[in-house]
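Protein chains in written order, with the numbering used here: chain A, 1 to 432; chain B, 1001 to 1133; chain C, 2001 to 2518.
I should point out that these hints are in silico values taken from the structure, not numbers from a laboratory. Cβ atoms here follow ideal geometry from the backbone N, Cα and C, with glycine treated the same way. Among the clues, some could well be false.
Stated by the list, open to error - The list that follows gives simulated cross-link-like pairs (lysine-lysine, PhoX-like), each with its CA atoms no further than 25 Å apart:
(1) B:K1022 x B:K1076
(2) A:K10 x B:K1048
(3) A:K151 x A:K306
(4) A:K151 x A:K270
(5) C:K2435 x A:K306
(6) C:K2294 x C:K2350
(7) A:K76 x A:K124
(8) A:K76 x A:K180
(9) A:K400 x A:K15
(10) A:K190 x A:K176
(11) B:K1084 x B:K1097
(12) A:K76 x A:K176
(13) B:K1079 x A:K270
(14) A:K270 x A:K173
(15) C:K2350 x C:K2447
(16) A:K417 x A:K306
(17) B:K1079 x A:K400
(18) B:K1048 x B:K1022
(19) C:K2294 x A:K417
(20) B:K1084 x A:K400
(21) B:K1048 x A:K233
(22) B:K1097 x A:K400
(23) B:K1079 x B:K1097
(24) B:K1048 x A:K400
(25) A:K176 x A:K306
(26) A:K190 x A:K173
(27) A:K180 x A:K190
Stated by the list, open to error - Cβ pair distances, simulated, as ranges:
(28) B:G1133 x A:E166: 21 to 31 Å
(29) A:P397 x B:K1031: 57 to 67 Å
(30) B:Q1059 x A:E166: 23 to 33 Å
(31) A:L188 x B:Q1059: 34 to 44 Å
(32) B:G1075 x A:P397: 29 to 39 Å
(33) A:L188 x B:G1133: 33 to 43 Å
Unchecked claim - Short, incomplete list of chain A residues facing chain B, as computed with Cβ under 7 Å:
(34) D96
(35) N244
(36) F247
(37) I249
(38) R252
(39) S271
(40) G273
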Amino acid sequence: MTIATETKAKLPPSKHEFADVIHRLEAGGAMLPDTPENLMQIIGIYKAYAVPMDFYWRDLLYIAERVFLDPFPFFKYFIPKEYLELHNHYAGDDADLRIWRGEATAHPELLEFMEKGETLKMPKLLHHWLHDRVNMEFAEECMRAMLWHGKDMGWGQFDPYLDSEEYIANADKAIKAYFKYNPVMMALYKAFPDLFLEQCRQMSYYSNLGLFWEIMAPVFFEMSDIYDEGGFKGVPDAMNFLVNGIFAIAGRPIYHHVYIRGECYEIIPKSKGFMWLYEAALPYVEAVFYRTSPFRGTKSYNAQAKQVPDHQKDFHYGILYADVFPVGTAGIPPTLLMQDMLHFLPPYLVDYYHQHCRGEDDMLIQLGITFQRSMYCVTSAVIQALRTALLYPLDDPNPKHLQANRAFFEAQIDRFKRPEARLRNIQSHNYR
Amino acid sequence: MADIVDIAVSAGSFQTLVTAVKAAGLVDTLKSPGPFTVFAPTDDAFAKLPPGTIQTLVQNIPQLARILTFHVVSGKLMKADLAKLSSVISVEGSPIKIDCSDGFEVKNATVVAPDIEADNGVIHVIDTVILMG
Amino acid sequence: MLSALIWIPILGAALIGLWPAAIPASRARLAALVIASSLIVWTIVLLSQFDISNAGMQFSELVPWIDTLGLNYSLGVDGLSLPLMALTALLTWIAIYSTNESVERPRLYYSLILLVNAGVIGGFLAQNLLLFVLFYEVELIPFYLLIAIWGGTTRRGYAAMKFLIYTAVSGILILAAFLGLTWLSGSSTFDYEAIITAGLPLTTQLILLTLLLLGFGIKIPLVPLHTWLPDAYVEASPPVAILLGGVMAKLGTYGLVRFGLGLFPETWALVAPGLAILGAVSAVYGALTAIAQKDIKRMVAYSSIGHMGYVLLGAAAATQLSLVGAVAQMVAHGLILAILFHLVGVIETKVGTRELDILNGLMSPVRGLPLTSALLVLGGMASAGIPGMAGFIAEILVLQGSYAIFPIPTLICVVCTGLTAVYFVILLNRTCFGKLDNDTAYYPQVKFSEQVPALVLAATIFFLGIQPTWLVRWSETTTNAMVAAVQINVDRQLANEIFDGNQAGKSPPVFAAVKQKL
Chain A
1 MTIATETKAK LPPSKHEFAD VIHRLEAGGA MLPDTPENLM QIIGIYKAYA VPMDFYWRDL
61 LYIAERVFLD PFPFFKYFIP KEYLELHNHY AGDDADLRIW RGEATAHPEL LEFMEKGETL
121 KMPKLLHHWL HDRVNMEFAE ECMRAMLWHG KDMGWGQFDP YLDSEEYIAN ADKAIKAYFK
181 YNPVMMALYK AFPDLFLEQC RQMSYYSNLG LFWEIMAPVF FEMSDIYDEG GFKGVPDAMN
241 FLVNGIFAIA GRPIYHHVYI RGECYEIIPK SKGFMWLYEA ALPYVEAVFY RTSPFRGTKS
301 YNAQAKQVPD HQKDFHYGIL YADVFPVGTA GIPPTLLMQD MLHFLPPYLV DYYHQHCRGE
361 DDMLIQLGIT FQRSMYCVTS AVIQALRTAL LYPLDDPNPK HLQANRAFFE AQIDRFKRPE
421 ARLRNIQSHN YR
Chain B
1001 MADIVDIAVS AGSFQTLVTA VKAAGLVDTL KSPGPFTVFA PTDDAFAKLP PGTIQTLVQN
1061 IPQLARILTF HVVSGKLMKA DLAKLSSVIS VEGSPIKIDC SDGFEVKNAT VVAPDIEADN
1121 GVIHVIDTVI LMG
Chain C
2001 MLSALIWIPI LGAALIGLWP AAIPASRARL AALVIASSLI VWTIVLLSQF DISNAGMQFS
2061 ELVPWIDTLG LNYSLGVDGL SLPLMALTAL LTWIAIYSTN ESVERPRLYY SLILLVNAGV
2121 IGGFLAQNLL LFVLFYEVEL IPFYLLIAIW GGTTRRGYAA MKFLIYTAVS GILILAAFLG
2181 LTWLSGSSTF DYEAIITAGL PLTTQLILLT LLLLGFGIKI PLVPLHTWLP DAYVEASPPV
2241 AILLGGVMAK LGTYGLVRFG LGLFPETWAL VAPGLAILGA VSAVYGALTA IAQKDIKRMV
2301 AYSSIGHMGY VLLGAAAATQ LSLVGAVAQM VAHGLILAIL FHLVGVIETK VGTRELDILN
2361 GLMSPVRGLP LTSALLVLGG MASAGIPGMA GFIAEILVLQ GSYAIFPIPT LICVVCTGLT
2421 AVYFVILLNR TCFGKLDNDT AYYPQVKFSE QVPALVLAAT IFFLGIQPTW LVRWSETTTN
2481 AMVAAVQINV DRQLANEIFD GNQAGKSPPV FAAVKQKL
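Isolated chain A (complex conformation) (with noise of 0.2 Å):
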């Protein structure tokens, strides 16, 4: 508390439209009130969130490193084995850096589901049919958001290095080792290079995201866990968790295997340097959570009348602005999402969806608002963290750099002036 008090003896009030946000910023808070209810929701989301991302992350991979290229990509959504398997890095006895205490392996609520689905124990593909399983639609309309602003985010080396001579090199090899045995996709591309190219760097953002993710997972399951303890004690202390965790895993490797017939081609070799703050994370949180895309089927867009921004960089159709009450109308997100997370609810947060609203009836849209809240307290993170590493302590002694923490506050806080942005209403616990 001395710290808040100090900051506010020091800087004048915030005549910010926003100013109690900014306050709370200040204060070490996160965008999203302090209260017990939001701190239990947000955790009970992550948990459900971040079984599905086990799945997301392993397919991601999965499709970025083995599919690749495939013309008739069919079977790009039956995770093998072999990727169920697959050790994450940060889980499990031989993590590089231990987030989550639990296995390293694939979550065994995911294998359960994927077993059973919503219905009974039958084959896969009748399981895939009835789209009941993992939607890795929803990954990859993400996967997508990234790489489609990844042009003019200003986030990161990755984007730029997908057009350089380096990479080009780098994927002519893979792409023709792939297609060795193809001689009419080879002929296709000698014939038009830059397509296979485009699909190539399309590859790289599933790999991209896949490693992003392969973070967020193990990092949400170990604060389910720390709050069914009794660990945090408000949203802030998540929200820390969150600061603490993006630098931890800060310098992980962002890169981009393929391997075709036992071989491995580096089409991004890890000595790029990529990190995962600056050319995952960082790119991520703005392309997904600010801008993505009007969802598809929900809502007919008339650009003459200026409803759709001129430049892509005023896309704002992201979690943070999406209205959540159409879920379950037609479109890829973020209904497909929701009906993700609503198979591995905690069960605290299924009661509390019982006691409002709709109930059991309109648990997709309660959940997609209570997910709405948690990654407003991503973003704070996410904006806590840059303050860190690139402004100020906030009981920093000199107000010229109490100023400028303010000035920076107030910068991401104006992208949230806009009248679709749901800041506003995360504000009061009515918003369900």
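Using the hints, position chains B and C against chain A.
This is chains B and C only, laid out in the frame that chain A set:
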């Protein structure tokens, strides 16, 4: 006079930095004629980083090297030279903001000991590890 | 057999209204439902026994009552009244079922509904003019009370009073016409069969018919006698609105055909062009006014005026096709209006508003009212006359049947079916589609039991749309006979006029009838 590495080793308050430079295989580079300007974070500066940060970096040498090269600028730039600039480009490639208007600040770090001259450049001791972005 | 349809609800009303306070009031709903269900069963029995090849009255009952007045308890049913009777039985059940279970003063409420039902059914069955007027008046007070006690906002008293004054005047006009008719024609009783207008001078007939048209015109209502309708329909609670629009208004159109066309076959041709124009005006007025509304219930109310215009057009043209169409339209309109009022009621209860500018996105599958919205879309389509539903069958019959006689009013009505689509698109677009407002969209769920009335009605609308025989077969013989009567009379009149050396061209129905004969 000694080179940059020798000075850092003998100073005793740069143990983490020296270990990191050795791990990243940058010793030879920093012993080369250069000249270089190095913003050298003290052990205390590294200690301020959240736990695990260094561990992960040490496990991943190219990434560690990238962070370290962000602290190096080619050319020998004394405080007086830097005061005329608003930013310099690091060896890593990203810019580093310089502010000499009120004390001597490099990005969000404060220089606690400027202008330690070496054979192949100059060291400015900073109190915070600076990061790209 | 027919008496049961009148006396069961009356006895039921008495039972529910008077039963001891010891029995919980909530039982009233159950009792009313049982009675309404028994009426439906009884109607089905009648339908199965009804001889569709017989144009005349069936299941007739006659009990002399007050001979000196010429008032007999004389009942009968034919192809004109049977479908309307069935409609009444169904809508009464729907109205009772769709009433909120926690309605205030349930015993009074349900007994009034049953009284209304008895009155309307009595009206359809009465074969004695005085008896008809009696039943016609019997349901006024219950309706007045239903609007005034259980109605909507502060304007319910005003709406109920306006309704009472208008419809009482309508009753008086009809009574006057019937009295004049009986006395002038020299009949000793008010029995329908006994009254023959053929001997009366044309002017007298015209005056009497005009009185009747005014009386029934208020009830239907026709523009410009309609001003009670929007207030009454909007202020009434949805179940009462269903009875008002679906059932009671049918007494007006029924009376128009039964007593206007039936008793004045000769004069009908004279007023028919005017009626056709009035029908077209009603259709245009209803549609245009509905487009301008901001309140969805009011929109539906105005759409009702528009749709009654088609009934009038069909009746005015009085061809075989158009008259069958008019009867079909009465039934279809009753069903469609009922489903729309019910759904609007559901929306108002759940969302708390009927304002077009506030409603939005109810189609949302999780947080909206998806099934209600889907049914509303269906109701809107039925009302706009989309093929496959009852409304289309009725409208196409009316329009096709009337075109030869009154081409311009018919074409105007065709345009109005398009306008119907316009305001339903507005209604559906604003209500069902678009985006739910996140600040307000925490609506309670619609329970399945609340959907039942709409589902039943939707199924009926679909069934009659796909299998229209079940809509028209009952009335075909009777209406054909009525058209023939018009034609015989007109032929005679034509002969007279030719005999008198007059021009014959004024009575268009003749040509239609002749054409159809050819």
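Broken hints, by number = 13, 19, 25 and 29
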